[in-house]
Amino acid sequence: MIRREFILAAAAVLSCVSLPASAQAWPTKPIAYVVPFTAGGTTDVVGRTVAQHLSTALGQPVVIENRPGAAGAVGATYTAKAKPDGYTLMGGTISTHAINAGLYKNLPYDPVKDFEPITLVGFIPNALYVNAQLPVNSVADLVALLKKDANVRTFASSGAGTSTHLAGELFGDIVGVPVTHVAYKGSPQAFQDVAGGQVAFMFDQLTAGAGLVKAGKLKLLAVTSPKRSPLAPETPTMAEAGVKDFEMVSWQAVYAPRGTPKEIVKRLHAEIVKGLKSQDARDKLEKGISMEIVASSPEELTALMQREIPRWAALVKKSGATVD
Amino acid sequence: MDASIFANLGLGLQTAASAVNLAYCLFGVVMGTAIGVLPGLGPVATIAMLLPVTFGLPPVSALIMLAGIFYGAQYGGSTTAILINLPGESSSVVTALDGHEMAKQGRAGKALATAALASFFAGTVTTVLIALFSPPLAEIALKFGPAEYFSLMVLGLVASVVLAHGSLLHAIGMIVFGLLLGIVGTDVNANVARYTFGVPELLDGINFVVVAMGVFGLGEIISNLEKEGERSLLVKKVTGLMLARDELKAIAAPALRGTALGSILGILPGGGAMLSSFAAYALEKKVSRNAKNFGKGAIEGVAAPEAANNAGAQSSFIPMLTLGIPSNPVMALMIGAMIMQGIQPGPSVMTEQPALFWGLVASMWIGNLMLVVLNLPLIGLWVRMVSVPYHFLFPAIMVFCAIGVFSLANTTFDIYFMAVFGLAGYLFRKLECEPAPMLLGFILGPMMEEFLRRTLLLSKGNPLVLVSRPISATMLAIAALAMLTVLLPALRKKREEVFVEDD
Amino acid sequence: MVVPCASGARPQTPHVSATRRAAGAAHDPYRNRLLDASVPAVHYGTARFVASDRAGSVIAARLCRRNREGERVSVKIKSQKDFWTGCLYLVFGAAAYWIARDYPVGTASRMGAGYFPSLLSGLLMLIGALSLLRSLTRRGAPLNGFAWRKAGIVFAATVAFAFLLERAGLLIALAVLILGSASASAKFRLEWRAILAAIGLIAFCALVFVKGLSLPMPLFGSWFES
Numbered sequence: 001m002i003r004r005e006f007i008l009a010a011a012a013v014l015s016c017v018s019l020p021a022s023a024q025a026w027p028t029k030p031i032a033y034v035v036p037f038t039a040g041g042t043t044d045v046v047g048r049t050v051a052q053h054l055s056t057a058l059g060q061p062v063v064i065e066n067r068p069g070a071a072g073a074v075g076a077t078y079t080a081k082a083k084p085d086g087y088t089l090m091g092g093t094i095s096t097h098a099i100n101a102g103l104y105k106n107l108p109y110d111p112v113k114d115f116e117p118i119t120l121v122g123f124i125p126n127a128l129y130v131n132a133q134l135p136v137n138s139v140a141d142l143v144a145l146l147k148k149d150a151n152v153r154t155f156a157s158s159g160a161g162t163s164t165h166l167a168g169e170l171f172g173d174i175v176g177v178p179v180t181h182v183a184y185k186g187s188p189q190a191f192q193d194v195a196g197g198q199v200a201f202m203f204d205q206l207t208a209g210a211g212l213v214k215a216g217k218l219k220l221l222a223v224t225s226p227k228r229s230p231l232a233p234e235t236p237t238m239a240e241a242g243v244k245d246f247e248m249v250s251w252q253a254v255y256a257p258r259g260t261p262k263e264i265v266k267r268l269h270a271e272i273v274k275g276l277k278s279q280d281a282r283d284k285l286e287k288g289i290s291m292e293i294v295a296s297s298p299e300e301l302t303a304l305m306q307r308e309i310p311r312w313a314a315l316v317k318k319s320g321a322t323v324d
Numbered sequence: 001m002d003a004s005i006f007a008n009l010g011l012g013l014q015t016a017a018s019a020v021n022l023a024y025c026l027f028g029v030v031m032g033t034a035i036g037v038l039p040g041l042g043p044v045a046t047i048a049m050l051l052p053v054t055f056g057l058p059p060v061s062a063l064i065m066l067a068g069i070f071y072g073a074q075y076g077g078s079t080t081a082i083l084i085n086l087p088g089e090s091s092s093v094v095t096a097l098d099g100h101e102m103a104k105q106g107r108a109g110k111a112l113a114t115a116a117l118a119s120f121f122a123g124t125v126t127t128v129l130i131a132l133f134s135p136p137l138a139e140i141a142l143k144f145g146p147a148e149y150f151s152l153m154v155l156g157l158v159a160s161v162v163l164a165h166g167s168l169l170h171a172i173g174m175i176v177f178g179l180l181l182g183i184v185g186t187d188v189n190a191n192v193a194r195y196t197f198g199v200p201e202l203l204d205g206i207n208f209v210v211v212a213m214g215v216f217g218l219g220e221i222i223s224n225l226e227k228e229g230e231r232s233l234l235v236k237k238v239t240g241l242m243l244a245r246d247e248l249k250a251i252a253a254p255a256l257r258g259t260a261l262g263s264i265l266g267i268l269p270g271g272g273a274m275l276s277s278f279a280a281y282a283l284e285k286k287v288s289r290n291a292k293n294f295g296k297g298a299i300e301g302v303a304a305p306e307a308a309n310n311a312g313a314q315s316s317f318i319p320m321l322t323l324g325i326p327s328n329p330v331m332a333l334m335i336g337a338m339i340m341q342g343i344q345p346g347p348s349v350m351t352e353q354p355a356l357f358w359g360l361v362a363s364m365w366i367g368n369l370m371l372v373v374l375n376l377p378l379i380g381l382w383v384r385m386v387s388v389p390y391h392f393l394f395p396a397i398m399v400f401c402a403i404g405v406f407s408l409a410n411t412t413f414d415i416y417f418m419a420v421f422g423l424a425g426y427l428f429r430k431l432e433c434e435p436a437p438m439l440l441g442f443i444l445g446p447m448m449e450e451f452l453r454r455t456l457l458l459s460k461g462n463p464l465v466l467v468s469r470p471i472s473a474t475m476l477a478i479a480a481l482a483m484l485t486v487l488l489p490a491l492r493k494k495r496e497e498v499f500v501e502d503d
Numbered sequence: 001m002v003v004p005c006a007s008g009a010r011p012q013t014p015h016v017s018a019t020r021r022a023a024g025a026a027h028d029p030y031r032n033r034l035l036d037a038s039v040p041a042v043h044y045g046t047a048r049f050v051a052s053d054r055a056g057s058v059i060a061a062r063l064c065r066r067n068r069e070g071e072r073v074s075v076k077i078k079s080q081k082d083f084w085t086g087c088l089y090l091v092f093g094a095a096a097y098w099i100a101r102d103y104p105v106g107t108a109s110r111m112g113a114g115y116f117p118s119l120l121s122g123l124l125m126l127i128g129a130l131s132l133l134r135s136l137t138r139r140g141a142p143l144n145g146f147a148w149r150k151a152g153i154v155f156a157a158t159v160a161f162a163f164l165l166e167r168a169g170l171l172i173a174l175a176v177l178i179l180g181s182a183s184a185s186a187k188f189r190l191e192w193r194a195i196l197a198a199i200g201l202i203a204f205c206a207l208v209f210v211k212g213l214s215l216p217m218p219l220f221g222s223w224f225e226s
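Chains as they are written, first to last, in the UniProt record's numbering: chain A, 1 to 324; chain B, 1 to 503; chain C, 1 to 226.
Hint data in this document are derived by calculation from the structure and do not stem from the laboratory.
There's no promise every hint is true.
[Stated by the list, open to error] Pairs of lysine to any residue residues, derived as SDA-like cross-links and limited to a Cα-Cα distance of at most 20 Å, are as follows: (1) A:Lys-318 / A:Gly-159; (2) B:Lys-227 / C:Arg-189; (3) B:Lys-286 / B:Glu-432; (4) B:Lys-227 / B:Lys-460; (5) C:Lys-211 / A:Ser-55; (6) A:Lys-81 / C:Arg-189; (7) B:Lys-460 / A:Lys-274; (8) A:Lys-266 / A:Glu-308; (9) A:Lys-274 / A:Gln-133; (10) A:Lys-277 / B:Arg-429; (11) B:Lys-460 / A:Val-179; (12) B:Lys-460 / A:His-181; (13) A:Lys-147 / A:Ala-132; (14) B:Lys-227 / C:Leu-143; (15) A:Lys-318 / A:Thr-180; (16) C:Lys-78 / B:Phe-55; (17) B:Lys-227 / C:Asn-144; (18) B:Lys-143 / A:Ala-215; (19) A:Lys-274 / A:Pro-61; (20) A:Lys-83 / C:Pro-218; (21) B:Lys-143 / B:Glu-432; (22) A:Lys-277 / A:Gln-306; (23) B:Lys-143 / A:Arg-311; (24) C:Lys-81 / B:Leu-169; (25) A:Lys-266 / A:Lys-227; (26) A:Lys-147 / A:Gly-159; (27) A:Lys-227 / A:Glu-308.
Source: prediction; values computed, not measured.
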């Protein structure tokens, strides 16, 4: 028994050492898909959906590794330093690949130089929620109330420097009312306090507050995407509701470490896009987290990042939310 | 509603008792017990790892299994706390206080049986509670604003003083030490990184499990090794596994009080469940006739926190099922699992998918029954495990601690940190500083600060909201009262000591 | 433990005032009673060593102070545990306070990031000072020697595991952790039973955690990759 263990172990060592990694044979072992946030969140759901389809297509397990910490910076740094051999992927987001660049003064990774973009999975609109007890039924009502009553000038966010925080700041800026930011450790607590009437309004993902809207604790006033969401067709966009130049969609993408062989990136892109177009992925992502699936080319993702990074850096600066 | 509740429960039982769902429930609770017993490895990591397995299952089966892992882990967690003084979760820190003392006296079997029975009792009561009162109970959660949470934390902090059985000064010192330790990380309100020394892994703070595994796990190991020569470390002779009639009588009231406290606190998403076992223990130590023996192996000190912990775990499902608000990381995972199954968590689950909702509720009771049936016979096995020579046992404990800590965020950084806390834990033991109050301070510290600052931000700097809001004021009053009952005897005792010193 | 100070102190030395000054609790009548009560235990100028371990006596010797008449008297540490705990609190409190200087403090109604840390570290220092005071006035159990070697082995084995896990891989890291930590026990012998148990444990971990739960731990780490 012991001897067999040893022989097996020895054989395993030898096979690891002797097999040269060849791109043709890729993948010959399980692929790690790093999710830089805790399990159960949006990025995790996206990652697991992508991983599930990818592993059927490639015939190798694609294993989710949750490496949370520092608004995704821990997992992104890990991926940036991983070997670019096609066996490490990462679910990047608007946080890790746009906002963090402006938020952290000493970001330990470079969102552009350290990564090989694979595809933009899709956009996720945020929505404007208010406490159901407030006498408002539209964005115009809310703006009027904010101008009139100083006591309701508070908004909640899932954390300082997140897109939900910056959305609130931008909103106050556009409508011309100073609003107080109340930061929370994650969306659930923020939702709880808006639903409980402690805080007046908040921006967050469309599906995240759906339960509280159905329970009659929150009102959904508008979506922040340029188009209406099929999940809430009767809810206007911010532009339709009269707030111009307010466009705030968060996004999800897939990256590999910079230097991953071109053929592997091509193959990954093709397979992931194919998976995203499937009915199963649409059920999970469109219905589950209200995503508008894009499945872009790597070049389109690069172009998006080039637009987003300076835009968010300016917003972060305005809100004063930088972290050392 | 009253009439339909039986129809609903009937539907639930029918769903949960199908052969397939029974099998998944059993798998879940066995898995949960196993990971609960292994120190360090928690339900969050396990459920995350098993999530892909659930994709292929029908939604009800998937949720039944995941829920089983969660409350199964609560049962298993107390086993290691009692046997080797290693609490894997915040809730079992208190169970270890008296449970491990019982084990040292050769009453490990009784402690484990108490834990299992109290948990089963609490699980049964809370299942009924969820079935009958979920929506109104969820309203309570929304009544709790930052002011109420802050006052609750103050109450918890006062309760943590009660936990200590040694010097009051050092109990307070360790709490303050824990509070400071809890501050490490990014300040939620102002987004300032504090005590992080430029280490990104510290930006989200130190994980509770890392501290617990270091201070309790490694610290205890070093201290046991030091005493190795003196005498055998644990259970020499185990006297009786089952509880005698008077012991059953002794645990009935504490289990009931623990269940009540736990099920109420468990509803609060902002960390209420974490407080439940602490609060139950503190309450018991105040009201019990056997208060003198707390910390020295009081069976009530095991029954109350175990009941509270299990009740809290179960009632934490309420805000998730009725409002879609997850009250802890495990519930967040359950929401993720529901989304992956194409279900939007919230009040509509109950109306649109009654079989799912009631099936899950019914499975909780079935799961609890399975757990108690499973765990009582296992007690004999666990007790025998401790009779393994210590020099064989402790390297295994270290292995599970290290792997468990790694599994928290899949980083070796946490293992290094655990090693440091191991040395600290040994030092604390040498200096007779109790780690339990420190851990509670560590949990409460960041929340207290966060809620207080949020309260003041929302009240525009007016601290009077803390006493003008009725729930908050009530809790502060209880806290003040509790503080008095702690301080008065301590002062009186000090006066006595003066005379003792006079030799 | 009493540590005598060399320069001939007379028995009638007003030691209370000296102790008081050293401890800074002059206006506490309650404490003074405590100090008076401890008179018989102090013998100045006599060579009475109760010290059991060297570290403690060194510290005690340092606490020698000159009294009002310029004579050296000793201050007795009655509780070493209180003394060292007090030191620990003081050091941590001071360090925490010093680091927190950079954080904006704000005001009580609008607290900054530095408000709580400053408050808490101040409180910790206060408790540390109280504990030090008490170590002079209230008797406690002596502090026995530290098991530095065993503590060091447990610490080193854990750190080695963390270091080796991703480099050498789980199998080797576990072997080092298990056998390394086991060597801290006096009862441990490297014999077939121990090795068999270690192999069994390693196999169990590899099967359950890597194969079963697929935790991202390599069986063979980066050192084995070409």
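Against the structure, the hints:
no., hint, verdict
1, A:Lys-318 / A:Gly-159, "holds (16 Å)"
2, B:Lys-227 / C:Arg-189, "holds (18 Å)"
3, B:Lys-286 / B:Glu-432, "violated (23 Å)"
4, B:Lys-227 / B:Lys-460, "violated (56 Å)"
5, C:Lys-211 / A:Ser-55, "holds (17 Å)"
6, A:Lys-81 / C:Arg-189, "violated (41 Å)"
7, B:Lys-460 / A:Lys-274, "violated (53 Å)"
8, A:Lys-266 / A:Glu-308, "violated (24 Å)"
9, A:Lys-274 / A:Gln-133, "violated (45 Å)"
10, A:Lys-277 / B:Arg-429, "violated (59 Å)"
11, B:Lys-460 / A:Val-179, "holds (13 Å)"
12, B:Lys-460 / A:His-181, "holds (12 Å)"
13, A:Lys-147 / A:Ala-132, "holds (19 Å)"
14, B:Lys-227 / C:Leu-143, "holds (14 Å)"
15, A:Lys-318 / A:Thr-180, "holds (14 Å)"
16, C:Lys-78 / B:Phe-55, "violated (65 Å)"
17, B:Lys-227 / C:Asn-144, "holds (11 Å)"
18, B:Lys-143 / A:Ala-215, "holds (15 Å)"
19, A:Lys-274 / A:Pro-61, "holds (17 Å)"
20, A:Lys-83 / C:Pro-218, "holds (14 Å)"
21, B:Lys-143 / B:Glu-432, "violated (41 Å)"
22, A:Lys-277 / A:Gln-306, "violated (26 Å)"
23, B:Lys-143 / A:Arg-311, "violated (39 Å)"
24, C:Lys-81 / B:Leu-169, "holds (13 Å)"
25, A:Lys-266 / A:Lys-227, "violated (31 Å)"
26, A:Lys-147 / A:Gly-159, "violated (25 Å)"
27, A:Lys-227 / A:Glu-308, "holds (19 Å)"
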